[in-house]
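**Student:** For reference, the chains in residue letters:
There are 2 protein chains.
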Amino acid sequence: MEKFEITVLGCGCALPTVQHNPAAQIVNIREKLSLVDCGEGTQQQLRRFKVGFNKIRNVFISHTHGDHCLGLVGMLSSFSLLGRTSPLHIYAPSDYESLFRAQLDYFCKGMEYPVEYHPLDTEKHQCVYEDRSMEVFTLPLVHRVPCCGFLFREKPTQPHILRDMVDYYGIPLSEINNIKAGADWTTPDGVLIPHARLTRPADPPRSYAYCSDTKFKPDLVSYLQGVTLLYHEATFDKSRQDRAQSTFHSTAEQAAMIARDCGARQLLIGHYSANYRDVTVLLEEARSVFPNTLAAKEGLVVRI
Amino acid sequence: MEKFEITVLGCGCALPTVQHNPAAQIVNIREKLSLVDCGEGTQQQLRRFKVGFNKIRNVFISHTHGDHCLGLVGMLSSFSLLGRTSPLHIYAPSDYESLFRAQLDYFCKGMEYPVEYHPLDTEKHQCVYEDRSMEVFTLPLVHRVPCCGFLFREKPTQPHILRDMVDYYGIPLSEINNIKAGADWTTPDGVLIPHARLTRPADPPRSYAYCSDTKFKPDLVSYLQGVTLLYHEATFDKSRQDRAQSTFHSTAEQAAMIARDCGARQLLIGHYSANYRDVTVLLEEARSVFPNTLAAKEGLVVRI
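Top line first, the protein sequences correspond to chains A and B.
So in our numbering, the last spot in the first sequence is 315, and the numbers never skip.
So in our numbering, the last spot in the second sequence is 315, and the numbers never skip.
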């Protein structure tokens, strides 16, 4: 299967700790890399986990609390010092654009690559990025400032050719693409071999949803049906549900309820409050509702 | 002796590496802490090396290249989240103030402690801070943007009382402060005991000079006469002197020449180019000119 994996660069919360870096993840789909959130220190984490700077094409910022975006200007400045020329696309809430531009003007004078800012309407669920192999949709979240998650979805791929059958019928290579695209094959004797006999079905499209910083929002599941991997913040355990509610965050149990109710294959939790030195309590709480749960940590790679 | 020490939080250069963090140091004089430069990730380094956030009263920024100040806004935001109420003083080049304010307004809404910005004229050598026990002077440097170093100097202290002599002459405790301040003592029989016989001289005032990011500037030594500890950038080794010249940086040899020529007691080098995985070459080059040289690394504490 084609590569589709994420790397956690940071899974901490607003307050600094020695254990965790602030929010940042790499989404790698067929070696096209997106950075999702960019907390302070992200550029150093990219180095630590050997992520090539030039492979990053798009940056998606869920919201503009410092722990999700204060690494952006330094990273862009380093890209510039290293001679980047290829464009970088920033998808971020619309109200940040003017300050972002002012910071670039001040800190990244004379940079030679274009930075395109795509302002997001965080209240909508809509496609904001598309290429040949994938689409990215916003996921409206509820936080103290405008905030959205992101759903990365592979486009449907073509069925797999059954090599044995192709050889058996002596089908020329020039026909393979037609058959992949749905055509049947007629032998020189006029016998029709149906498409389904020459192929096995395409892999089902995989998807990754990143839900950062949100109050428990049960109606999220309507956007997440059957998602392959769901990242959902789990800032607190359920004994601190009041605190979660008042700060517009979720508990580990709530994250797991979303995963269960949308039929996710796997759940990844993160964005731990600085109070948890050991996140086992959060992981166990989530697993009691949704067993196939992983706890994010810096450097974790999850294949989707 | 009263505490006077520095802690290196970061000694790297503009490009991120796994070995080094960008520039930041703590200067601790009698438990009053100043932060000098504040590169990205400084707040996490403060946690790592167990520096109490609330002890920091002043922040001195040498210049506004990103690797020297991009950690400021995140750190101030964390101070706010943690409920700081005591004022914080920022000493930084004047042209950064408006962008700094704009960032605070955006990222630190509702913060409850005052932040006072003291704009620096980086071309002057002048006292910019003074309290009961110390003074801080700017040191004009030559870099690609306005840039100055900082000289921290203890104020002269009083001589030490010789406890034995005080006991011998039966001098009452109420007289001790007068004697420290220079008074002689007359015994009940009318014999004058001179001040010098009752005390030993005060410790000579100690000083720390921080010279970050500068082209080789031999006239610096006039401001640095007899400095106790000199930190001087050493971005390159002497085989790359042309590169140092063109980027307005110094070589390790040049740093050592400054230390030798100003009569420093000790030299600390740092701000290593990302090309040096091992800084032994820089340390040896400096030591060949000025033997009492240390190489900065994250977490290093130097007592002055």
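Derived from the structure by calculation, the hints contain no laboratory data.
Accuracy of the hints is not assured; some may be wrong.
Each pair may be met inside one copy or between any two copies, as identical chains are not told apart.
[Claimed, not checked] Straight-line alpha carbon distances no greater than 25 Å define the calculated SDA-like cross-link-like pairs of lysine to any residue that follow:
{"hint": "1", "residue 1": "120", "residue 2": "75"}
{"hint": "2", "residue 1": "120", "residue 2": "271"}
{"hint": "3", "residue 1": "43", "residue 2": "175"}
{"hint": "4", "residue 1": "249", "residue 2": "274"}
{"hint": "5", "residue 1": "120", "residue 2": "26"}
{"hint": "6", "residue 1": "228", "residue 2": "197"}
{"hint": "7", "residue 1": "249", "residue 2": "142"}
{"hint": "8", "residue 1": "226", "residue 2": "91"}
{"hint": "9", "residue 1": "191", "residue 2": "236"}
{"hint": "10", "residue 1": "43", "residue 2": "303"}
{"hint": "11", "residue 1": "249", "residue 2": "298"}
{"hint": "12", "residue 1": "228", "residue 2": "59"}
{"hint": "13", "residue 1": "66", "residue 2": "129"}
{"hint": "14", "residue 1": "14", "residue 2": "108"}
{"hint": "15", "residue 1": "308", "residue 2": "139"}
{"hint": "16", "residue 1": "66", "residue 2": "138"}
{"hint": "17", "residue 1": "61", "residue 2": "28"}
{"hint": "18", "residue 1": "14", "residue 2": "208"}
{"hint": "19", "residue 1": "120", "residue 2": "314"}
**Student:** Let me make sure I understand: some of the numbered hints might not hold for this structure. Which ones are they, in numerical order?
**Tutor:** Checked against the structure, the hints that fail are numbers 2, 3, 6, 7, 9, 10, 12, 14, 15, 18 and 19, while the rest are satisfied.
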